[in-house]
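Make a model of the complete structure from these sequences and hints.
Single-letter residue listing:
There are 2 protein chains.
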Amino acid sequence: MYIENINAPADVKKLNEEQLAVLATEIREALLTKLSRHGGHFGPNFGMVEATIALHYVFESPKDKLVFDVSHQTYPHKMLTGRKDAFLYEERYDDVSGYSNPKESEHDHFTVGHTSTSISLACGLAKARDLKGEDGNVIAIIGDGSLSGGEALEGLDFAAELHGNLIIVVNDNDMSIAENHGGLYGNLKLLRETDGKAACNLFRAMGLEYLFVGAGNNIHDLIAGFQQVKDSKAPVVVHICTQKGKGYAPAQAHKERWHFSGPFDIATGKPLYDFGEEDYSSVTAEYLLQQMKKDQKIVAITSATPTVLGFTEDKRKQAGKQFVDVGIAEETAVALASGIAAGGGKPVYGVYSTFIQRAFDQLSQDLCINGNPATIVTFGASVYGMNDITHLGIYDIPMMANIPNLVYMAPTTKEEYLAMLAWSIGQTDHPVAIRVPGGQMVSEGKTVTKDFGQLNTYEVTQTGGRIAIIGLGTFYALGQGAAECIEQKTGIRSTVINPYYITGLDENLLQELKKEHDIVVTLEDGILDGGFGEKIARFYGASAVKVLNFGLKKEFLDRYDTDEILKKNHLTVEQVAEDILKLL
Amino acid sequence: MYIENINAPADVKKLNEEQLAVLATEIREALLTKLSRHGGHFGPNFGMVEATIALHYVFESPKDKLVFDVSHQTYPHKMLTGRKDAFLYEERYDDVSGYSNPKESEHDHFTVGHTSTSISLACGLAKARDLKGEDGNVIAIIGDGSLSGGEALEGLDFAAELHGNLIIVVNDNDMSIAENHGGLYGNLKLLRETDGKAACNLFRAMGLEYLFVGAGNNIHDLIAGFQQVKDSKAPVVVHICTQKGKGYAPAQAHKERWHFSGPFDIATGKPLYDFGEEDYSSVTAEYLLQQMKKDQKIVAITSATPTVLGFTEDKRKQAGKQFVDVGIAEETAVALASGIAAGGGKPVYGVYSTFIQRAFDQLSQDLCINGNPATIVTFGASVYGMNDITHLGIYDIPMMANIPNLVYMAPTTKEEYLAMLAWSIGQTDHPVAIRVPGGQMVSEGKTVTKDFGQLNTYEVTQTGGRIAIIGLGTFYALGQGAAECIEQKTGIRSTVINPYYITGLDENLLQELKKEHDIVVTLEDGILDGGFGEKIARFYGASAVKVLNFGLKKEFLDRYDTDEILKKNHLTVEQVAEDILKLL
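Those protein sequences? They're chains A and B, same order as listed.
Here the first sequence stands for residues -5 to 578, where the numbers follow the working numbering.
Here the second sequence stands for residues -5 to 578, where the numbers follow the working numbering.
Keep in mind that a hint or two might mislead.
Copies of one chain are not kept apart here, so a pair can be met inside one copy or by any two copies together.
What the hints assert, rightly or not - 30 angstroms max Cα-Cα, derived DSS-like pairs, lysine-lysine:
no. : residue 1 : residue 2
1   : 547       : 444
2   : 576       : 508
3   : 311       : 126
4   : 126       : 288
5   : 576       : 509
6   : 309       : 126
7   : 508       : 547
8   : 227       : 183
9   : 57        : 291
10  : 291       : 227
11  : 315       : 126
12  : 191       : 240
13  : 224       : 315
14  : 315       : 227
15  : 97        : 561
16  : 291       : 224
17  : 509       : 562
If you're looking for bench data, these hints aren't it; they were derived computationally from the structure.
Being a predicted model, the structure only gives us computed values, none of them experimental.
Now the structure itself:
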């Protein structure tokens, strides 16, 4: 096998085109085996095999710098830059992350996991090169799906200002995670259909030179194209047309399903594990579809991740014009929601905690200053969420809960979540966000009767004395557990509180607690800095009440073991109970 | 005068074209008088007089909905929608805000002050209209300068997805606040030069229909153009070419200087008040220009507000390629800075507190996860900063200081600021942000010898007992004042501390304070929620030390009187001292 002898890009250059084609086959075989056992991003990597080989054949990495957008298509790049073993040998599968990673290799320049950043980052590398009077190519590699993001479009616009070498490889596979949405995709189609010759050209309109390579899975054509732009003195776009999932029939046929896959059976493509039971995503879609039938003004919004809201292809069809995918464009998603609410519609924007970060200013300016009653549902906002450093869901409380006018809520069960969603859709007074709990969905079957319009009213779920435990969202159960543990150990019955609201204090209740309690404890499923617990600590700062805040340390974690991290942060039932008792 | 009889858009429709031209002259005269006495946005409003008249002549506001981007060009719109008195009569000048404002009029749909939001917001209004089965036009009005912002480009791309009425008026005056930067401006130029006939067309590439109106200050042509697109069934761009500052010679000649103006002498255009003394902006440019000469790797970055860094036109020329204006594109500015730092350059990005909000995810993902040593300087981050609801600088601490890996610093004087800047540019370990103090620049002439590389080491500037006062940044002086006041009243000498760092605690010092202090006080020039003081409150939560946090309430303020707001938030020297003594 050729792949076994590839230890650096220099080894790629030793092969002839025929051998490179064999290498491509070997890479796909290794990927298929690894992903069938281990899971990972499938379609993006299968589509980029030839282009990655051609890039390393033509350019001189690391002197020439490759910046992969979102970087979930970097598996072939890793295989060609000294990290092949992590794809060839099962015991080494976890040696590498799923994204580009400067800690792994000098051929990676940024830790990247969000889309649409490559062009602007590459502009920075190019500018540094020019300031230092050096030479070399800087190459951003960006998928068509990522182009709709604001940062990518800003970068496309800014690139022309560099007046120096910058190569932007647009990997056009005519797909985002789901289908593409946005007017620019019509232009990409036009360019594909005219072999890049159409006069109306988005990239040229942005001031960039342009080269079309139709056969984006043909190594020969790719090499010729990259050689043509190598050492270009001006920013240039190379538009290559690839096939997502290329080389594995099920992935070519069902591109959305195969964007990312868990372990599967190679022969049939069927997943090895069935996550068939209902979860917060599926109950969201079910609930919204029901309500949409009764109310034409309800509209669900996604920014290119429709299934986070449970809207699989069939459900999107059912919703019709009451479902909007803005493409990868979180800023527009929030502004759109605000505009719809201002116009009397009832928008529900579902988004991962890690991606709502991309719309801070829109939350503040477009939505909250205007006080429009849009609903945002944040998913994966938990230590139990995604655990890659670029996809963590533990920072949204400081980011969102300190924006004035926003009502950010934390349900603890399915029933609370749906009741909050119903209340939020029905009301017209506040922008509302709901933080879907992490971990397994909890359903108690209990009817929730609380009037959520009475903002910042917490609920005492167990009355006790000396100790009051306020458990927010996912960590309410941890608080309950600690209370039980303390009662078993000491007979002291703690007061237990479900606060429901992240954005405000129930000052009456907190005041009242002073009478019979010495210690108030907070627990939150996110970082402590700027979070919920600190507001409680401030409230009691001048009083005799002692406050203990439990939550996560402010740090960037990466591919962590959840139990280990919980333990390290004193977040097991026993640790919480012990820490409280120490203070008593 | 016609303007005196314009109480609603219906009154505009009664005039013929000749009368409308007179109306335009009257509007300019009123604007000139008001702005010469009161100050405000000059160039944008003078350029948009005819277009605004034509819009109200053709469309039926408020049923047809006008959404002005950034909305600092809405003075003529306000004059035509029942708010003329605020421009005609000096005693009523302050009746209206400088931005669109739904609280003022049914003809305003959003409170807007940041750029690049209009298209996405208008998409929301259009979608709501379509969901409700209503009709009517939705019109976004956006300047060419705002087009480079990510949200605007996202919106342009998404608009085609609406498949319904949406009119995007692109007001092309070939300027941002300063000159435009970005490749798309070449395309606008090409379109201007070809009367909109060039085949390569950014807007068509985004899937939009397109109409060119070259004479954007000609009422006749504008009316004809708007009539042509009225009730369009598809999203369409109307590209109008206007002259910024039209009708006042100094403003036409010096567009950057006249984007916004304080009170001035109409005959000469000279400002009535001279703010000639040095400020944090001018010392920044002075310092950076000095350093740039010694080090080619230093580069200053702005996102379309070069003078916030002190880089007036002459200084930009001096800096040459060591000054980069990315245009209105804060996301790209942060990513660029990260990329430059990754490539070994030394970027310094200067930005208003209110605008760095537009790059939260880039701070977190592009910069801080990667730990690249870029420097960000935030200006106007203070209660003493801009006081329009859309431009407040009191939210950046919760936003930035809770991002892992960022070192966010708060100098209290010019000398500390420059020492921090020097340290930050010289080091290669951390992404650093520096929060320039608000209010008058304080200069003590003292040499700062502190090693800022010893992160999170606070400085005790006065040793005392019982009370410790930690005064952050601008509010350090307030802390000092309170300490003096307390000493005068009670003889108790407080410990006074300059913490320097917003992002971390000096745990050793805080621990040490417990011995001789009963009360620890924090003061910060920003909202309390998610801020600096709450971290201190959490630290002492389980101890006997009492903590008092001073700062601003989490709320959106608007056009406030600073003294009044300080008083309301218990932030005068006397109030702080009293509150502390009450607790003693």
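Quick rundown of the hints versus the structure:
For the identical chains of this complex, residue 547 and residue 444 are inter-copy neighbours only, at 28 angstroms across copies versus 33 angstroms inside a copy, given an alpha-carbon limit of 30 angstroms. Taking the shortest alpha-carbon separations for residue 576 and residue 508, both the intra-copy value of 20 angstroms and the inter-copy value of 19 angstroms come in at or below 30 angstroms. In this assembly of identical chains, the alpha carbons of residue 311 and residue 126 lie at most 30 angstroms apart only when taken from different copies (19 angstroms versus 54 angstroms within one copy). In this assembly of identical chains, the alpha carbons of residue 126 and residue 288 lie at most 30 angstroms apart only when taken from different copies (13 angstroms versus 63 angstroms within one copy).
Taking the shortest alpha-carbon separations for residue 576 and residue 509, both the intra-copy value of 21 angstroms and the inter-copy value of 21 angstroms come in at or below 30 angstroms. Only between protomers do residue 309 and residue 126 lie at most 30 angstroms apart by alpha-carbon distance; the minimum there is 21 angstroms, versus 54 angstroms within a single protomer. Taking the shortest alpha-carbon separations for residue 508 and residue 547, both the intra-copy value of 28 angstroms and the inter-copy value of 23 angstroms come in at or below 30 angstroms. For the identical chains of this complex, residue 227 and residue 183 are neighbours both inside a copy (28 angstroms) and across copies (23 angstroms), given an alpha-carbon limit of 30 angstroms.
Taking the closest pair of Cα atoms, residue 57 and residue 291 come within 30 angstroms of each other only across two copies (18 angstroms); inside a single copy the shortest separation is 55 angstroms, beyond that limit. Proximity of residue 291 and residue 227 under a CA criterion of 30 angstroms is satisfied inter-copy only: 21 angstroms between copies versus 52 angstroms inside one chain copy. Only between protomers do residue 315 and residue 126 lie at most 30 angstroms apart by alpha-carbon distance; the minimum there is 11 angstroms, versus 53 angstroms within a single protomer. Within a single copy, residue 191 and residue 240 get their C-alpha atoms as close as 25 angstroms, which meets the 30 angstroms cut-off; across copies the closest is 40 angstroms, which misses it.
Proximity of residue 224 and residue 315 under a CA criterion of 30 angstroms is satisfied inter-copy only: 24 angstroms between copies versus 45 angstroms inside one chain copy. Taking the shortest Cα distances, residue 315 and residue 227 sit within 30 angstroms of each other only across copies (16 angstroms), while inside one copy they are farther apart (46 angstroms). In this homomeric assembly, residue 97 and residue 561 come within 30 angstroms of each other (Cα to Cα) only inside a single copy, at 26 angstroms, whereas the closest approach across copies is 51 angstroms. For a Cα distance limit of 30 angstroms, the shortest separation of residue 291 from residue 224 across copies, 25 angstroms, qualifies, whereas the shortest one inside one copy, 52 angstroms, does not.
Taking the closest pair of Cα atoms, residue 509 and residue 562 come within 30 angstroms of each other only across two copies (29 angstroms); inside a single copy the shortest separation is 33 angstroms, beyond that limit.
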